[in-house]
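Peer 1: Under this note's numbering, the letters of the sequence shown match residues 1093 to 1654, in that order.
One or more hints might be untrue.
[As the list claims (entries may be wrong)] Below, in silico cross-link-like pairs of lysine to any residue (SDA-like), each with a Cα-Cα straight-line distance of 20 Å or less:
no., residue 1, residue 2
1, Lys1234, His1423
2, Lys1293, Ala1260
3, Lys1541, Val1528
4, Lys1541, Gln1531
5, Lys1233, Lys1298
6, Lys1142, Val1132
7, Lys1534, Gln1545
8, Lys1534, Val1524
9, Lys1298, Ile1316
10, Lys1142, Pro1386
11, Lys1534, Ala1557
12, Lys1142, Val1468
13, Lys1293, Arg1163
14, Lys1521, Asp1550
15, Lys1233, Leu1172
16, Lys1587, Ser1605
17, Lys1357, Phe1294
18, Lys1293, Leu1329
19, Lys1234, Leu1177
20, Lys1357, Met1312
21, Lys1142, Glu1094
22, Lys1233, Met1548
23, Lys1592, Glu1574
24, Lys1233, Leu1329
[Stated by the list, open to error] Label-pair restraints from in silico Cβ distances:
no., residue 1, residue 2, range
25, Ile1108, Leu1147, 18 to 28 Å
26, Asn1171, Ser1619, 34 to 44 Å
27, Glu1586, Val1111, 56 to 66 Å
28, Phe1115, Met1312, 34 to 44 Å
29, Trp1393, Leu1317, 35 to 45 Å
30, Ile1369, His1527, 29 to 39 Å
Simulated from the structure, these hints should not be mistaken for lab results.
On a predicted model such as this, the values are computed, not experimentally measured, just so you know.
Just so it is clear, CB atoms sit at the ideal spot from N, CA and C, and this is done for glycine as well.
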Amino acid sequence: MEIFYYVLIMLATILISNVVNRFIPFVSIPLIQIGLGVLVACMPLAFELKLNPELFLVLFIAPLLFNDGKRTDRQALWNLRAPILMLALGLVFVTVLVIGYFVNWMIPTIPLAAAFALAAALAPTDAVAVGSLSGRIDLPKKITHLLEGEALMNDASGLVAFQFAIAAMVTGVFSIWSASISFVIIAVGGIICGLVLTFVKFKFLKWIRSLGMEDVTLHMLIQILTPFVIYLVAEELHVSGILAVVAAGIMHAFEKRKMDPMTVKLNVVSQGTWSVIIFVLNGLVFIILGTQLPDIIQVVWENSGVSNWQVVFYVLLITFSLITIRFLWIHLGWLIPHLMKGNDLSKPNLRATVLTSLSGVRGAVTLASALSIPFVLGDGSPFPQRSLIICIASGVILCSLIIATAILPLLARKDESQSDSPRAEKSMKLSVCRHVVEQLNKEITSENKAATQFVMDDYRGRMRAIQKEDIDMGKRREIDREQHALRLQIVQWEKQNTDKLLAQGEASHHAASRYNNYLDAMEKALSGRGRSRSGMMGMMFKRLMRQVMHPKQWQRAKEKNE
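Construct the entire structure; sequences and hints are all you get.
Peer 2: In structure tokens:
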């Protein structure tokens, strides 16, 4: 029961964090959740959570990365492939080398291999933290896509580098050639594994649908199990489970399915289900980070071998170094193609570069890596400065989140993201609506003609509404006046036609009188002498209801008029 109560407390904490954020919106939800996690850890509970790094990766990181890959912008990912790879691979290994040597020089009690392990844990940015920030801060679209693509890819490179550094520290043996070959095998193998398993899943789904098994619940369960199965299979094959689930998610984004009622229903259920899952997992990740902090800080606080102020200084200096390396690497990413191609390329915008540098927040993967450091070496001796390494990693996570939360809104407030004007969005909406109408026109048949025409009319109405939004107020008033005059003229035509039908004996006096009364009331509403717009809308509603309640009578009258 203790575990059950603990889970309930964690879920309640997620809800509380969102309520608190409502009152202090200037503080990001991850920071609030970390703070609440610290409070949970200080509560006198019968159950104490001990984080298992391997379980943490498969339970939280795998589904989150799978969902991010599934929701990624395919075109943006392809267009930004070069800078994403430079950040996800090049920057990670540069960070490991520079920060590793820097930490070893600054803290001589941490051996070089252990310093490399700390640097590798700090190298990857966190997809969950990046997603939380981009959802709150109005970053430019290009920077958002770049950060999301980087966070999808760099977890694998950072984790592989971390594993090699730990192996070198524990065994005392390291070969750069062997490590390079192993990295390629692990990375490429993970991608291939993810793609192959996803292809098998698609074939399996096609097969069970051919058997008539189209239950949405069954398909939704398969979808939820997908990231866990792919991650575990990849890890069993000793390749990157992280890259496997990322590749699987991206492959799902490229999946093209014929739209039918079952698929539409599954998409609706899938979006709702995954939104709840991601909401809970995102919250749990940061709350769990918070629950681990008190024990980590206490161990270092009670360590007489290092001053507490020294630890704070180390954390600040390493955080600043990470931001500086990232800033310089982004400029280097511009400089190399500039020198090689000799093009007159414009320099990267300074504010965009600073935004990208400060957005490289650390999170769950960093802490999970640090906590997976073994307690003892191969010879049985304690791992040197393990508690200090974990404390520094935790401090850098907090610092990167605080800096991003405090500074990014100031820099992003007047950024080019707001140049994604409503005009561009309206143009996109119009294009989508036109494409839908064209597709519906191609799909029209004698069986679905009535329904298709109804939907097409609805989309044309939406297009007219969107186009009307672009008209300035003066022009809009002029159009409204013209429409008003035209409606009055139409009422007069209807009166004339009614009198004509009465004179020709094609309409009864009773029907003509009732319809003329209706037209008089509409004319008063249009002229402003009656109930104005509300009166006209009421009459239009009555007219519509007559069509709905007495369709045959309305159709006969229509055919007679024609």
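Peer 1: Indicate, hint by hint, whether the structure satisfies it.
Peer 2: Going through the hints against the structure:
1. Only pairs whose Cα atoms come within 20 Å are accepted, and Lys1234 paired with His1423 is accepted, the gap being roughly 16 Å.
2. Annotation: proposed proximity of Lys1293 to Ala1260 is violated, straight-line Cα distance about 38 Å (limit 20 Å).
3. Note on Lys1541 and Val1528: the hinted pairing holds, with a Cα-Cα distance of about 15 Å set against a maximum of 20 Å.
4. Taking the CA atoms of Lys1541 and Gln1531, the gap is near 13 Å; set against the 20 Å cutoff, the hint holds.
5. For the hint linking Lys1233 to Lys1298, the alpha-carbon distance of about 36 Å lies beyond 20 Å, and the restraint is violated.
6. Restraint check for Lys1142 and Val1132: satisfied, since their Cα atoms lie roughly 13 Å apart, inside the 20 Å limit.
7. Straight-line distance between C-alpha atoms of Lys1534 and Gln1545 comes to about 12 Å, which keeps the hinted pair within the 20 Å bound.
8. Between Lys1534 and Val1524 the CA atoms are separated by roughly 15 Å; this keeps the pair inside 20 Å, and the hint holds.
9. Annotation: proposed proximity of Lys1298 to Ile1316 holds, straight-line Cα distance about 17 Å (limit 20 Å).
10. Simply put, Lys1142 and Pro1386 have alpha-carbon atoms about 12 Å apart, close enough for the 20 Å limit, and the pair holds.
11. For the proposed pair Lys1534 and Ala1557, the alpha carbon gap of about 24 Å is over 20 Å, so the pair is violated.
12. With a C-alpha separation of about 18 Å, the suggested pairing of Lys1142 with Val1468 holds against the 20 Å cut-off.
13. As the CA atoms of Lys1293 and Arg1163 are separated by approximately 18 Å, the hinted pair is consistent with the 20 Å bound.
14. A distance of roughly 14 Å separates the Cα atoms of Lys1521 and Asp1550; the hinted pair therefore holds under the 20 Å criterion.
15. Restraint check for Lys1233 and Leu1172: satisfied, since their Cα atoms lie roughly 12 Å apart, inside the 20 Å limit.
16. For the proposed pair Lys1587 and Ser1605, the alpha carbon gap of about 10 Å is at most 20 Å, so the pair holds.
17. For the given pair, Lys1357 sits about 18 Å from Phe1294 by alpha-carbon distance, which is consistent with the 20 Å threshold.
18. At roughly 18 Å between alpha-carbon atoms, Lys1293 and Leu1329 fall within 20 Å of each other, so this suggested pair holds.
19. For a cut-off of 20 Å, the pair hint linking Lys1234 to Leu1177 stands: about 15 Å separates their Cα positions.
20. At most 20 Å may separate the alpha-carbon atoms for a hinted pair to count; Lys1357 and Met1312 meet this at roughly 11 Å.
21. In summary, the hint linking Lys1142 to Glu1094 is supported, as the alpha carbons are separated by about 14 Å, within the 20 Å threshold.
22. For the given pair, Lys1233 sits about 32 Å from Met1548 by alpha-carbon distance, which is inconsistent with the 20 Å threshold.
23. This hinted pair does not check out: Lys1592 and Glu1574 have alpha carbons roughly 27 Å apart, beyond 20 Å.
24. At most 20 Å may separate the alpha-carbon atoms for a hinted pair to count; Lys1233 and Leu1329 exceed this at roughly 37 Å.
25. The supplied range of 18 to 28 Å is met by Ile1108 and Leu1147, whose beta-carbon atoms lie about 25 Å from each other.
26. Distance hint check for Asn1171 and Ser1619: the Cβ-Cβ separation is about 57 Å, which falls outside the suggested range of 34 to 44 Å.
27. In this structure the supplied range 56 to 66 Å holds for Glu1586 paired with Val1111, their Cβ-Cβ distance being about 57 Å.
28. For the hinted restraint 34 to 44 Å between Phe1115 and Met1312, the CB-CB distance of approximately 35 Å keeps it satisfied.
29. For Trp1393 and Leu1317, the Cβ-Cβ distance of about 43 Å falls inside the hinted range of 35 to 45 Å, so the restraint holds.
30. Checked against the hint of 29 to 39 Å, the C-beta distance between Ile1369 and His1527 comes to roughly 31 Å, which is consistent with it.
The structure fails to meet hints 2, 5, 11, 22, 23, 24, 26 from the earlier list, while all remaining hints are met.
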